[in-house]
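Novice: Sequence:
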Amino acid sequence: MIKEIKSQYILKGDNPKKTKDDIEIKPTRVQRMQHEIKIASQTEKTKVFTIAAETGSGKTWAYMASLLSKLKEDDMSMWLRDPERYEGAKKAHTVRSIIFVPTNELVDQVYEVLERTNLFELDNENAPASFKEFLELPENKKLGLSIMKMFQGEAPVNLFRRLESSGRVDVLVTTPGKIVGFSKLVNINLPFRVFKNLQYCVLDEADTLFDDSFEKNTTDVIVHFPKLLDLILVSATIPKVFEKKLARLFPDTKSLIRVATPSLHKVPRTIKTMVIDAEAPPYNGSSPRALAQALYAISKDGTEPNHVKRVVVFVNEKSEVDGIVESMVTKYRVRREDIVGVNGSVKAKDRKDVLEPFLKPPELLEDDPDGSKIKILVTTDLLARGLNFQGVKNVILLGVPRNSVDLVHRLGRTGRMNQSGRAFIIVDKKSMKSWVKGLGTAIIRGLKIG
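Heads up: the sequence shown begins at 1 in the UniProt record's numbering, then just goes up one per residue.
For the record, the hints were derived by calculation from the structure and aren't laboratory data. All the pointers check out, no bait thrown in.
Each computed DMTMM-like pair below joins lysine to aspartate or glutamate, with the alpha-carbon atoms no more than 20 Å apart:
{"hint": "1", "residue 1": "K47", "residue 2": "D74"}
{"hint": "2", "residue 1": "K132", "residue 2": "E87"}
{"hint": "3", "residue 1": "K70", "residue 2": "E87"}
{"hint": "4", "residue 1": "K430", "residue 2": "E320"}
{"hint": "5", "residue 1": "K72", "residue 2": "E139"}
Between beta-carbon pairs, the in silico distance windows are:
{"hint": "6", "residue 1": "G88", "residue 2": "K216", "range": "36 to 42 Å"}
{"hint": "7", "residue 1": "E317", "residue 2": "K227", "range": "39 to 45 Å"}
{"hint": "8", "residue 1": "G285", "residue 2": "D322", "range": "18 to 24 Å"}
{"hint": "9", "residue 1": "K227", "residue 2": "D367", "range": "48 to 54 Å"}
{"hint": "10", "residue 1": "V241", "residue 2": "R269", "range": "24 to 30 Å"}
{"hint": "11", "residue 1": "V241", "residue 2": "E73", "range": "33 to 39 Å"}
{"hint": "12", "residue 1": "S166", "residue 2": "P361", "range": "30 to 36 Å"}
{"hint": "13", "residue 1": "K240", "residue 2": "N158", "range": "35 to 41 Å"}
{"hint": "14", "residue 1": "S130", "residue 2": "D322", "range": "57 to 63 Å"}
{"hint": "15", "residue 1": "E133", "residue 2": "D367", "range": "43 to 49 Å"}
Remember, it's a predicted structure, so these values are computed and weren't measured experimentally. No residue lacks a Cβ here, since even glycine has one placed at the ideal position from N, Cα and C.
Whenever a hint applies, use it, and build me the whole structure from the sequences.
Specialist: Next comes the structure, spelled out in structure tokens:
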């Protein structure tokens with residue numbers, strides 16, 4: 001897992017001799033806390049966890065390390081008790097754990113991390129003595145778990161075919177709506193039976209999965225997991241409305257264990273925030289003109305040498321996306337190849353290719369097929385939750401978000417895992433709020449936002 005984390009790290013350009021092998025990986029606060037909770041849960045039989053930490057702090061690794069460890073430890077326990085039963089269990093038509101996320105993009109992102117982790121060789125030398133005999137089995141040279149993803153819109157029969165052909169699925173990554181849809185299947189007998197032995201469920205971006213648009217699907221699907229041991233709710237924010245829903249859904253406070261870092265609802269200090277007043281000259285009330293000037297300044301500022309710069313621009317309404325893209329191209333001479341808009345009306349399968357340049361490490365200028373020096377993504381909060389825009393150094397907010405939760409998520413698309421980033425907030429007389437001008441100071445002082 002350490003190798004996987006290093007492989008995704010973006011090296012700074014000031015030391016050409018430094019390689020990814022030289023990077024020292026230390027667990028973040030939330031990862032250390034989750035490890036301690038995992039140990040406690042083995043003895044206290046805890047049921048529901050909430051893991052809350054600032055954006056870009058490594059929450060995915062926090063729950064993933066715990067989940068994968070538990071799956072392997074369960075395998076080892078069964079193998080020690082009854083090797084024949086262990087072999088038979090691998091052929092069972094069952095799903096052992098499930099990770100729910102709100103969007104297809106997050107399904108892809110989480111699945112790809114799992115797949116890469118699954119291919120790394122296990123470090124048996126440092127394993128406890130009690131593990132060694134089990135880890136020396138041929139299938140344990142690597143993590144060797146069966147991992148599957150299911151997109152919204154994908155045929156549910158694919159899961160049943162996979163179970164029949166390859167046996168159990170150890171980790172399924174999908175959306176709640178995909179599984180709720182099983183209730184409509186008429187050609188498969190008792191479709192929810194494959195979840196009867198499921199023990200671990202993760203709700204990644206839990207505050208979103210319990211908002212008004214997702215809550216029914218999320219709660220409806222969990223009732224189909226009768227042997228659930230651990231329900232893990234992961235989020236970068238804990239809004240008051242989410243707190244109330246937690247209290248209603250889990251009234252037994254003894255079964256609810258909370259893990260929250262002191263930096264929750266704080267924007268990382270590695271993000272430099274600047275407010276641009278579109279009412280001031282030379283913009284004279286034109287937010288698009290202020291955006292064009294910010295994009296031009298970013299393209300010419302000498303940062304990220306020899307690499308294609310990536311900028312994510314957030315707007316408040318999906319109806320604004322196409323207009324902003326056209327305005328940048330027709331009025332402000334941004335190359336059409338350099339800017340793209342994505343909103344909720346774009347089909348998920350079409351979003352994947354559009355987003356790829358922003359979800360992978362920055363390309364060298366010479367390698368970009370479009371000859372771009374800068375690539376610009378205009379979008380809404382659809383993409384502000386959870387997606388890891390690798391090495392994106394600049395985020396622009398065209399207008400102030402409706403609430404502090406959305407602000408934290410948008411700013412959190414840069415400055416991830418202690419790397420530097422910049423956020424520009426463009427305001428006009430409609431969106432200017434008194435607290436906006438003091439945002440940069442609040443971040444430097446480590447104050448909570450909202």
